[in-house]
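Chains as they are written, first to last, in our numbering: chain A, 1 to 169; chain B, 1 to 169; chain C, 1 to 169; chain D, 1 to 169; chain E, 1 to 169; chain F, 1 to 169.
Treat the hints loosely; a few may be bogus.
One copy or any two copies: either way a pair holds, since identical chains are not told apart in the list.
[As the list claims (entries may be wrong)] Below are the EDC-like pairs computed for lysine to aspartate or glutamate, each with C-alpha atoms no more than 16 Å apart in a straight line:
{"id": "1", "residue 1": "K28", "residue 2": "E121"}
{"id": "2", "residue 1": "K20", "residue 2": "D122"}
{"id": "3", "residue 1": "K110", "residue 2": "E121"}
{"id": "4", "residue 1": "K99", "residue 2": "E120"}
{"id": "5", "residue 1": "K28", "residue 2": "D106"}
{"id": "6", "residue 1": "K99", "residue 2": "D157"}
Hints were generated in silico from the structure; no laboratory data involved.
A quick note: this is a predicted structure, and the numbers were derived from the prediction, not measured.
6 protein chains.
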Amino acid sequence: MAAYFAKCEEKLGFVPNVLKAYAFDMAKLEGFVAMYNDLMLAPSGLSKLEREMIAVAVSSVNRCYYCLVAHGAAVRGLGQDPVLGELMAMNYRAARLTKKQRAMLDFAEKVTNASSQIEEEDREALRRAGFTDRDIWDIAAVAGFFNMSNRVASATDMRPNAVYHGQGR
Amino acid sequence: MAAYFAKCEEKLGFVPNVLKAYAFDMAKLEGFVAMYNDLMLAPSGLSKLEREMIAVAVSSVNRCYYCLVAHGAAVRGLGQDPVLGELMAMNYRAARLTKKQRAMLDFAEKVTNASSQIEEEDREALRRAGFTDRDIWDIAAVAGFFNMSNRVASATDMRPNAVYHGQGR
Amino acid sequence: MAAYFAKCEEKLGFVPNVLKAYAFDMAKLEGFVAMYNDLMLAPSGLSKLEREMIAVAVSSVNRCYYCLVAHGAAVRGLGQDPVLGELMAMNYRAARLTKKQRAMLDFAEKVTNASSQIEEEDREALRRAGFTDRDIWDIAAVAGFFNMSNRVASATDMRPNAVYHGQGR
Amino acid sequence: MAAYFAKCEEKLGFVPNVLKAYAFDMAKLEGFVAMYNDLMLAPSGLSKLEREMIAVAVSSVNRCYYCLVAHGAAVRGLGQDPVLGELMAMNYRAARLTKKQRAMLDFAEKVTNASSQIEEEDREALRRAGFTDRDIWDIAAVAGFFNMSNRVASATDMRPNAVYHGQGR
Amino acid sequence: MAAYFAKCEEKLGFVPNVLKAYAFDMAKLEGFVAMYNDLMLAPSGLSKLEREMIAVAVSSVNRCYYCLVAHGAAVRGLGQDPVLGELMAMNYRAARLTKKQRAMLDFAEKVTNASSQIEEEDREALRRAGFTDRDIWDIAAVAGFFNMSNRVASATDMRPNAVYHGQGR
Amino acid sequence: MAAYFAKCEEKLGFVPNVLKAYAFDMAKLEGFVAMYNDLMLAPSGLSKLEREMIAVAVSSVNRCYYCLVAHGAAVRGLGQDPVLGELMAMNYRAARLTKKQRAMLDFAEKVTNASSQIEEEDREALRRAGFTDRDIWDIAAVAGFFNMSNRVASATDMRPNAVYHGQGR
Chain A
1 MAAYFAKCEE
11 KLGFVPNVLK
21 AYAFDMAKLE
31 GFVAMYNDLM
41 LAPSGLSKLE
51 REMIAVAVSS
61 VNRCYYCLVA
71 HGAAVRGLGQ
81 DPVLGELMAM
91 NYRAARLTKK
101 QRAMLDFAEK
111 VTNASSQIEE
121 EDREALRRAG
131 FTDRDIWDIA
141 AVAGFFNMSN
151 RVASATDMRP
161 NAVYHGQGR
Chain B
1 MAAYFAKCEE
11 KLGFVPNVLK
21 AYAFDMAKLE
31 GFVAMYNDLM
41 LAPSGLSKLE
51 REMIAVAVSS
61 VNRCYYCLVA
71 HGAAVRGLGQ
81 DPVLGELMAM
91 NYRAARLTKK
101 QRAMLDFAEK
111 VTNASSQIEE
121 EDREALRRAG
131 FTDRDIWDIA
141 AVAGFFNMSN
151 RVASATDMRP
161 NAVYHGQGR
Chain C
1 MAAYFAKCEE
11 KLGFVPNVLK
21 AYAFDMAKLE
31 GFVAMYNDLM
41 LAPSGLSKLE
51 REMIAVAVSS
61 VNRCYYCLVA
71 HGAAVRGLGQ
81 DPVLGELMAM
91 NYRAARLTKK
101 QRAMLDFAEK
111 VTNASSQIEE
121 EDREALRRAG
131 FTDRDIWDIA
141 AVAGFFNMSN
151 RVASATDMRP
161 NAVYHGQGR
Chain D
1 MAAYFAKCEE
11 KLGFVPNVLK
21 AYAFDMAKLE
31 GFVAMYNDLM
41 LAPSGLSKLE
51 REMIAVAVSS
61 VNRCYYCLVA
71 HGAAVRGLGQ
81 DPVLGELMAM
91 NYRAARLTKK
101 QRAMLDFAEK
111 VTNASSQIEE
121 EDREALRRAG
131 FTDRDIWDIA
141 AVAGFFNMSN
151 RVASATDMRP
161 NAVYHGQGR
Chain E
1 MAAYFAKCEE
11 KLGFVPNVLK
21 AYAFDMAKLE
31 GFVAMYNDLM
41 LAPSGLSKLE
51 REMIAVAVSS
61 VNRCYYCLVA
71 HGAAVRGLGQ
81 DPVLGELMAM
91 NYRAARLTKK
101 QRAMLDFAEK
111 VTNASSQIEE
121 EDREALRRAG
131 FTDRDIWDIA
141 AVAGFFNMSN
151 RVASATDMRP
161 NAVYHGQGR
Chain F
1 MAAYFAKCEE
11 KLGFVPNVLK
21 AYAFDMAKLE
31 GFVAMYNDLM
41 LAPSGLSKLE
51 REMIAVAVSS
61 VNRCYYCLVA
71 HGAAVRGLGQ
81 DPVLGELMAM
91 NYRAARLTKK
101 QRAMLDFAEK
111 VTNASSQIEE
121 EDREALRRAG
131 FTDRDIWDIA
141 AVAGFFNMSN
151 RVASATDMRP
161 NAVYHGQGR
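Okay, chain A solo, but in the shape it has when bound (with noise of 0.2 Å):
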């Protein structure tokens, strides 16, 4: 994971403090970076900048300081659009979405809010959408991701690099 690290500071220039958190016990950090790069970076119908987007939406619903401010920066960056990572921290509905985007996010609102009430009619919305069934399980497998991660960094108190509050605006 040394080299990891090395990759990290090399590419972003700098370490996330998510990664130090969970760098006491290498199989928990393989575990979580394993995971993370599979949902967040791999091929998927969903775009990166579509995935950040969810993790925020979805981190703004808990309100976790790490994951808005970490994420917050991404969708400035991937975006280039300092405005769009505001409006998915403070409020999506807010935002001029695509009516794929608007369906993309209620969903991933709801998986946070209320998901024993999800059903086929849900899903079915996002069919209705445009999003194929393996999109539907990007955009599940992404905001349950941040419904544990969001839950992981408020409870043990995790804290932000200050650089990325800078990043793309």
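Assemble chains B, C, D, E and F onto chain A, guided by the hints.
Below, chains B, C, D, E and F alone, put in the same frame as chain A:
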């Protein structure tokens, strides 16, 4: 993973449906299994039964049918206590627990319902109950993990293997 | 009431603890038994199983340990379906129900969670699903009754007879 | 029951609409009247006014128009206090109550809003305020009863007799 | 402001306690009175009664004792309808309203409970019910104002003049 | 008001969109500006920065995009602290505040979320933290004001001036 599935068949007598659901993509299956096995089976200050109790108490808040069935069976089995699984699934406050276990589940519930309001005094309460900081990480991580998998299961309509229902009664 | 308790012993093999709880005052016990028997056993457009399904779905929202155990057993027994009782106790939305039964439980849940928002259109939905106005009364009355007894049981820490747990598995 | 209705006419000057609503079936009417009379009129450690205060405070949480009107009038009348009825219907926290009455209403509200979270310490608080275990049963039973009748009234659109509005002003 | 208080005495027979509460600072009193008079008394597509109906329906959600008493009296008086004030204070859904008034109160309630979820389709519903964009502003502004004054009154324990209770019965 | 707008242009470099939104009616604009200026700029036991912190913390609960953007910029600017604005907008509990400021924001949040439950003990907690009764009024009034303007902004889809986003980063 064929080997892993075979091992499931051998040890459990069946392959849990959650694994079949993830099996459309080896990277996702391996990531899920690695994180799950580390959290639920690796050495920890929490017993395996306690980790399953957290799993069920969290799934009860989220009303996840899959996880309540599968992990309710695990609590019944590991605890050699057919009633304990029901109590976790229905209302952990009705269970006669040690003060330490009760503090653990109160924290897991707050992680589930109101993670943004967790503060140092919540962690302090766990320390007073006898948990180390590493234990607190594990409670947060297990509670966080089921907040993820409850949502993925509900969002994709995962169905538990029927065999769980009769186990440990 | 001694006769009634004897009849319970004969028919059920035990006296339900709720009856023992009320037995400190004959007027209260008789009032409870009269209302209960009328609602759950008298002729109605709803089958006995359907009334028990309402009982469990309502108790699930209210997380009443006593009623989930006692009436979960009743659903398993009357329905000859060990899984149906679990589904009602965990999340009725996950059950494969007829449209009519689903409408019945959706109404019972709204009666439980948001009765002040019930309006004519909610009753109209039940009529469209095939219920008469008398049936609607019965759904409301059974759902109302368990909103009462869930609260009395939880407020006084009533405990179910252990025998229920194994019934109908 | 004709005799009972005649007695209502004689004592109150009218037959409460809730009784007319139940009168389609004698067993239901008798069951309701027996339970109601026992709870609200039989000897108890709680005064009749206190039981009506619980009725209105519970109905306020549930926003039941029928019960707020009918039992608001009862509080105004029994208390000889036109303002007390308004306070119970609007926000019991704004009322200047004895500590004992305040504890009673706090418990009744928790029975209404969060019965699954009631534990021994809640009952202990009532004992410290001066209530016996029998009194606690009565608070729970009255609060439970109005959680039932609020829901039946709202679910069936019951309307209060107009005469209540002017009573006790 | 002495003149204004004298005018209150003359017109109403008393000085509303809210004005006395603000009178410790003339700038605050004048600001409050100016905004209040403009919103509630100036020409608008909403009648004065309708604006008072919004005031009470909003105060009902917020359970503000001061505003429910003072503006409940206003609805009873302006509407020449002793029951309408009660309906607004208890549950506006139980009132028999025009479709237009109902749409107005549904919007005011959403402004109160879930303003972040208001979107163009909510405003569109008001337009379909017959409201202009200026009317929509007025509904939002009156609902917003009482969301402010409900909170100031509750946070500072403001108490209504006793005289309101008997008005318009 | 042309003079006022000119003064805005001179001092801020732009006219805030909220003022343009109110400008369709001079009485409304003047009322809003008078109340705003008194609350946010007049002498008070609370510093201007503290009043802006309340504004943002309240707007965060209400997820008001307009106010989070405009007043988030004010906190960043007045506090000379780019991170403090983010903390107020995301989760004030994550900020390292003085005990006094924390008590102030806890009260403002309760005013926002549960004003009907505020009682003397809540005000007493503020006094213990060092606030006078006049300060308590100011906290309540500022929190109340943003509960109004958050709702008016969301209900009418007000949009912040783009210039705010880059300020104070």
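Hints versus structure:
1. K28 <-> E121: neither (36 Å within a copy, 26 Å between copies)
2. K20 <-> D122: For K20 and D122, neither the intra-copy (38 Å) nor the inter-copy (23 Å) Cα distance is at most 16 Å.
3. K110 <-> E121: within (13 Å within a copy, 19 Å between copies)
4. K99 <-> E120: Between copies only: 14 Å across chains, 19 Å inside a chain, cut-off 16 Å.
5. K28 <-> D106: neither (31 Å within a copy, 24 Å between copies)
6. K99 <-> D157: For K99 and D157, the Cα distance exceeds 16 Å both inside one copy (36 Å) and across copies (18 Å).
Hint compliance for this structure: hints 1, 2, 5 and 6 are not met, and every other hint is.
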